[in-house]
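Model the full structure from these sequences, guided by the hints.
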Amino acid sequence: MAILIGVDVGGTNTDSVLVDPHKVSEANKGILAWNKLVTTKDVSEGIESGITRLLKDSNVKKEHITSVTIGTTHFINAVIEQDAARLAKVAVLRLCGPYTEIIPPFIDFPPGLKSIMNGHVAYLQGGFHVDGNEIRSIDQDQLLKNIEIIKSKNIKTVAITGIFSSLKPDQELFVKDFILKHIPDARVVMSHQVSGVGYIERENATILNASIMPFAEKIIMSFINAVENKLGLKCPVFLTQNDGTVLSAYESLKLPIRTFSSGTTNSMRGASFLGNVIGKTAIVIDVGGTTADVGLLLPSGFPRQSSSYCVVGGVRMNFSMPHVESIGLGGGSLVREGNDGEILVGPESVGAEILERSLIFGGNECTASDVAVAADSSLQMGTRVDMPEEFIKKFQARVKVMLENVVDRMKTNPEEIPVLAVGGGSFIVPPNLQGASQVIRPEFYSVANAIGAALGKISSEVNCIKKTTDKDAVLEELKKEAIQKALEKGAIESTIEIVFFSCEPVPYVDGTYIFFVKTIADVDYDNIKFDAEDHPPITILENPVTKDSKVQDYVKLDDIDYENYKPFINEKRQWIISEVDLELLRIGTYILGCGGGGNPYPYFLCARNLLNQGDELVVIDVKDVPKYSTDSIGSYCSAGSPTVSNEQLKGPGLLEASAMMTKFTGRKPELVFPIEIGGGNGIGIFRVSATSKLNLPVVDCDLMGRAYPAHFQTIPVAYTKPNESYYSPTVMSNGNGNTLILSQSKDDFLIEKVLRASLAEIGCTVDVMNPLMTAEEVATRTIHGSLSLSWRIGRAVRIARQKSQVYKMPEIILESVNNTGKLLFKGKIIGVERKLFKGHSWGEVTIESSDKKHMKIPFKNENIYASIDGDVVCSVPDLISVVDADLGEAVGTQDYRYGLMVFVLAIAPSSKWTETERALSIGGPKGFGLQELEYKPISEYSAPVSVIDQYGPEFAPTGV
Numbered sequence: 001m002a003i004l005i006g007v008d009v010g011g012t013n014t015d016s017v018l019v020d021p022h023k024v025s026e027a028n029k030g031i032l033a034w035n036k037l038v039t040t041k042d043v044s045e046g047i048e049s050g051i052t053r054l055l056k057d058s059n060v061k062k063e064h065i066t067s068v069t070i071g072t073t074h075f076i077n078a079v080i081e082q083d084a085a086r087l088a089k090v091a092v093l094r095l096c097g098p099y100t101e102i103i104p105p106f107i108d109f110p111p112g113l114k115s116i117m118n119g120h121v122a123y124l125q126g127g128f129h130v131d132g133n134e135i136r137s138i139d140q141d142q143l144l145k146n147i148e149i150i151k152s153k154n155i156k157t158v159a160i161t162g163i164f165s166s167l168k169p170d171q172e173l174f175v176k177d178f179i180l181k182h183i184p185d186a187r188v189v190m191s192h193q194v195s196g197v198g199y200i201e202r203e204n205a206t207i208l209n210a211s212i213m214p215f216a217e218k219i220i221m222s223f224i225n226a227v228e229n230k231l232g233l234k235c236p237v238f239l240t241q242n243d244g245t246v247l248s249a250y251e252s253l254k255l256p257i258r259t260f261s262s263g264t265t266n267s268m269r270g271a272s273f274l275g276n277v278i279g280k281t282a283i284v285i286d287v288g289g290t291t292a293d294v295g296l297l298l299p300s301g302f303p304r305q306s307s308s309y310c311v312v313g314g315v316r317m318n319f320s321m322p323h324v325e326s327i328g329l330g331g332g333s334l335v336r337e338g339n340d341g342e343i344l345v346g347p348e349s350v351g352a353e354i355l356e357r358s359l360i361f362g363g364n365e366c367t368a369s370d371v372a373v374a375a376d377s378s379l380q381m382g383t384r385v386d387m388p389e390e391f392i393k394k395f396q397a398r399v400k401v402m403l404e405n406v407v408d409r410m411k412t413n414p415e416e417i418p419v420l421a422v423g424g425g426s427f428i429v430p431p432n433l434q435g436a437s438q439v440i441r442p443e444f445y446s447v448a449n450a451i452g453a454a455l456g457k458i459s460s461e462v463n464c465i466k467k468t469t470d471k472d473a474v475l476e477e478l479k480k481e482a483i484q485k486a487l488e489k490g491a492i493e494s495t496i497e498i499v500f501f502s503c504e505p506v507p508y509v510d511g512t513y514i515f516f517v518k519t520i521a522d523v524d525y526d527n528i529k530f531d532a533e534d535h536p537p538i539t540i541l542e543n544p545v546t547k548d549s550k551v552q553d554y555v556k557l558d559d560i561d562y563e564n565y566k567p568f569i570n571e572k573r574q575w576i577i578s579e580v581d582l583e584l585l586r587i588g589t590y591i592l593g594c595g596g597g598g599n600p601y602p603y604f605l606c607a608r609n610l611l612n613q614g615d616e617l618v619v620i621d622v623k624d625v626p627k628y629s630t631d632s633i634g635s636y637c638s639a640g641s642p643t644v645s646n647e648q649l650k651g652p653g654l655l656e657a658s659a660m661m662t663k664f665t666g667r668k669p670e671l672v673f674p675i676e677i678g679g680g681n682g683i684g685i686f687r688v689s690a691t692s693k694l695n696l697p698v699v700d701c702d703l704m705g706r707a708y709p710a711h712f713q714t715i716p717v718a719y720t721k722p723n724e725s726y727y728s729p730t731v732m733s734n735g736n737g738n739t740l741i742l743s744q745s746k747d748d749f750l751i752e753k754v755l756r757a758s759l760a761e762i763g764c765t766v767d768v769m770n771p772l773m774t775a776e777e778v779a780t781r782t783i784h785g786s787l788s789l790s791w792r793i794g795r796a797v798r799i800a801r802q803k804s805q806v807y808k809m810p811e812i813i814l815e816s817v818n819n820t821g822k823l824l825f826k827g828k829i830i831g832v833e834r835k836l837f838k839g840h841s842w843g844e845v846t847i848e849s850s851d852k853k854h855m856k857i858p859f860k861n862e863n864i865y866a867s868i869d870g871d872v873v874c875s876v877p878d879l880i881s882v883v884d885a886d887l888g889e890a891v892g893t894q895d896y897r898y899g900l901m902v903f904v905l906a907i908a909p910s911s912k913w914t915e916t917e918r919a920l921s922i923g924g925p926k927g928f929g930l931q932e933l934e935y936k937p938i939s940e941y942s943a944p945v946s947v948i949d950q951y952g953p954e955f956a957p958t959g960v
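Heads up: the sequence shown at position 306 corresponds to 306 in UniProt numbering, and the numbers run straight through without jumps.
FYI, nobody ran anything at the bench for these hints, they're computed from the structure. Built from N, CA and C at the ideal position, the CB exists for glycine as well. Heads up, a few of these hints could be off.
Listed next, the in silico BS3-like pairs over lysine-lysine satisfying Cα-Cα at most 25 Å (straight line) [to be verified]:
1. K828 x K280
2. K280 x K23
3. K803 x K566
4. K572 x K627
5. K485 x K518
6. K181 x K254
7. K822 x K808
8. K56 x K36
9. K168 x K566
10. K566 x K556
Here are the computed distance ranges between Cβ atoms for each label pair [what the hints assert, rightly or not]:
11. L344 x S494: 34 to 40 Å
12. E356 x P214: 30 to 36 Å
13. V24 x E481: 28 to 34 Å
14. T780 x E477: 55 to 61 Å
15. E761 x N564: 49 to 55 Å
16. K393 x E579: 43 to 49 Å
17. V499 x Q142: 31 to 37 Å
In structure tokens, the structure reads:
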């Protein structure tokens with residue numbers, strides 16, 4: 001006999017259920033008993049009380065309990081609340097050589113969280129290139145010196161992050177052993193154990209995991225103590241993970257971060273089970289005391305996941321978590337009447353103080369629960385308080401609109417869809433909602449989260465980078481490894497399903513692939529083995545941890561009024577870039593990247609760090625160039641693999657390339673601009689232009705108006721004559737002591753080949769400086785207003801999100817580009833194929849619409865053309881951008897993955913790409929070898945209005 005216990009420990013209530021998994025098909029769903037108790041300060045007491053009552057109410061014997069599975073929000077709440085009592089100081093050791101210092105650790109942490117966690121930071125010799133060669137060897141003297149500093153600060157948690165440690169963890173393992181020899185009681189977290197490629201996000205997750213570990217150990221061991229010692233249950237204890245599967249409590253001690261979002265997932269999994277909607281798509285509304293969390297359930301019974309990264313407590317990590325939108329609507333939400341007679345509900349809430357402050361429990365504040373009880377006499381809560389009928393109707397109408405709006409935003413098509421209402425506060429959800437085929441409040445709705453925990457499945461993952469000549473054979477071996485991991489965790493072999501696998505080639509690195517395999521399976525409850533002697537000793541949580549929140553007020557980008565924001569243009573017509581401007585440029589440049597150019601986020605962080613250090617970032621208009629220079633204007637970019645760039649954060653390469661160009665030509669640049677506006681290069685230019693670097697203004701222009709895969713696909717090349725070369729001389733540097741100059745060539749296409757071949761030999765990512773241009777060349781051979789256009793696109797996206805108009809995002813973005821484009825398609829990515837050829841990532845993504853039409857977009861780093869059911873509807877040089885439908889942010893070709901909801905935009909290119917046959921042959925279909933594909937413009941080009949012209953003083957032809 002196998003009986004399961006599920007417990008969900010929330011901030012307000014601890015919910016417990018007893019489930020017979022062999023009777024889940026019966027009328028009572030196999031639920032033998034359940035209860036909801038107030039969460040105690042010592043969480044183990046609440047768990048003990050809940051389970052004791054379960055056993056008493058059901059008469060189930062202790063020896064029949066097969067497992068106890070617990071979900072908790074304690075760890076994520078500690079981060080969100082910035083609680084210094086539950087978060088430890090962390091020493092961060094980067095194994096990075098000359099790289100990464102432009103983006104220091106904690107750079108995107110909220111100030112309060114940074115002040116709590118930042119104990120020590122060191123940039124150490126070490127790291128690997130993507131080909132497995134060392135960037136630098138470990139310097140043991142340097143390492144020992146930093147260990148002594150860590151000891152002097154009495155720091156006991158250490159996060160190690162090595163460049164490409166997920167490819168080769170040798171250095172991280174060595175450093176961990178070295179630390180433990182000198183600090184035996186240290187808790188050391190190695191980044192390769194936490195997540196995969198993506199340095200910033202992996203480091204962030206490693207830091208959070210390290211910081212929460214001491215508190216997590218106390219909480220998790222108190223769970224185990226309550227179950228094993230106080231209750232005397234001889235069964236394993238599991239914790240639920242972010243993806244709805246379970247992890248043994250002892251495994252959770254090492255990686256508590258994997259449980260951060262388990263509460264929401266538990267509710268959605270429980271709702272799927274209770275509502276009988278497995279095999280269907282449905283919306284889940286989980287209403288608690290303060291918020292309503294709304295998510296989309298897939299036919300698999302698991303929640304739809306967010307994009308490839310998530311943000312927790314203001315910190316970005318490369319985990320995929322359930323895509324959930326929360327609104328300020330719960331049982332404790334305050335209800336009041338506005339000046340115009342309308343009813344306001346939330347976001348303020350009495351929360352856990354509902355028993356003291358709400359009307360039905362004798363308080364003096366009106367909450368959503370009070371009005372719901374007044375409207376429905378069948379609700380047995382407290383003492384009913386009479387209210388005016390008109391007030392109740394206005395409240396119900398307001399709640400209905402709030403929920404209908406969020407349901408509409410979460411739906412993937414306009415068709416009606418079942419809505420499941422669960423959670424202790426779900427009695428405020430109305431019986432009918434527009435857009436819902438039915439509203440289901442299933443039996444046991446108030447403890448859906450605990451039921452979801454009890455019925456959690458087992459999962460296993462394999463994530464690695466390997467060099468191979470037979471990727472299919474490697475993938476098969478990794479699938480077997482993932483299945484074996486699932487079996488070792490206690491999976492039923494016949495139920496193991498490989499739910500996702502991928503094999504992504506790494507550009508510019510022959511035969512190197514990023515592999516990922518994930519399985520899900522049912523738990524073999526009848527054969528779970530439990531041996532308490534195998535477990536480490538239990539430490540007792542003697543005293544509850546007292547909260548010590550260190551939340552600091554600071555201006556958040558989400559709080560900016562983007563509709564009324566104005567950039568600062570000084571009397572010299574210089575656009576002085578702010579953090580807000582950088583955020584808008586980050587969004588806009590990636591959309592102009594057409595799937596390529598690399599994610600601008602690391603460059604955004606770099607530029608923001610420069611601002612925080614007191615640097616000034618200045619942009620000028622093309623019309624003002626002659627005031628500054630007539631013949632020394634430099635263009636810069638990074639080139640290489642986006643995969644490598646996101647892991648091997650930049651070093652001093654741009655400055656080294658600039659120094660070499662000055663040495664070779666005898667001329668210093670007096671102005672700078674990006675070679676391409678699309679992707680990371682659009683704002684990467686600021687890392688060389690800042691006052692502490694070259695101290696030069698950036699010209700509002702570029703050479704592409706987008707991103708292109710080849711260096712020769714630029715306007716100057718398009719306007720040179722055959723057998724002439726624009727790219728002489730060109731300088732490239734990897735920032736690690738290797739700087740090359742291509743001094744002369746009669747063919748720009750040959751320079752492209754040489755650059756790509758060199759890339760593979762010096763790390764697969766380099767910084768490049770083009771020949772210096774004259775003011776006349778900038779005026780005639782660049783695309784003007786590139787930064788202005790990016791800024792306007794980013795502003796449009798931010799305004800749409802702020803006004804909850806994500807559903808209108810395509811139209812809003814097109815308005816920002818003067819309606820010089822078209823919405824091509826909406827749908828879900830259902831397939832991606834990739835291959836490498838001469839360093840570039842070639843492939844094709846397939847998107848399916850709600851009416852089963854299919855769009856295919858072939859790409860060569862950037863998107864080339866788009867077809868619908870075989871008919872080409874758009875091609876280069878038109879800009880084709882795939883955009884995340886939930887955020888309005890671009891999706892890079894490297895991030896195309898199954899299940900992502902997107903829309904596809906086409907935007908007209910600069911007329912410089914279409915007014916000559918040579919330009920079209922370089923930037924159009926023929927530039928990609930598609931000789932038979934005829935270019936048909938999607939729209940007529942309209943030049944963007946300069947931000948400086950719009951917001952600054954009038955143009956003055958003389959004087960600065």
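Quiz item: What are the numbers of the hints the structure violates, in ascending order?
Solution: 9, 11 and 17
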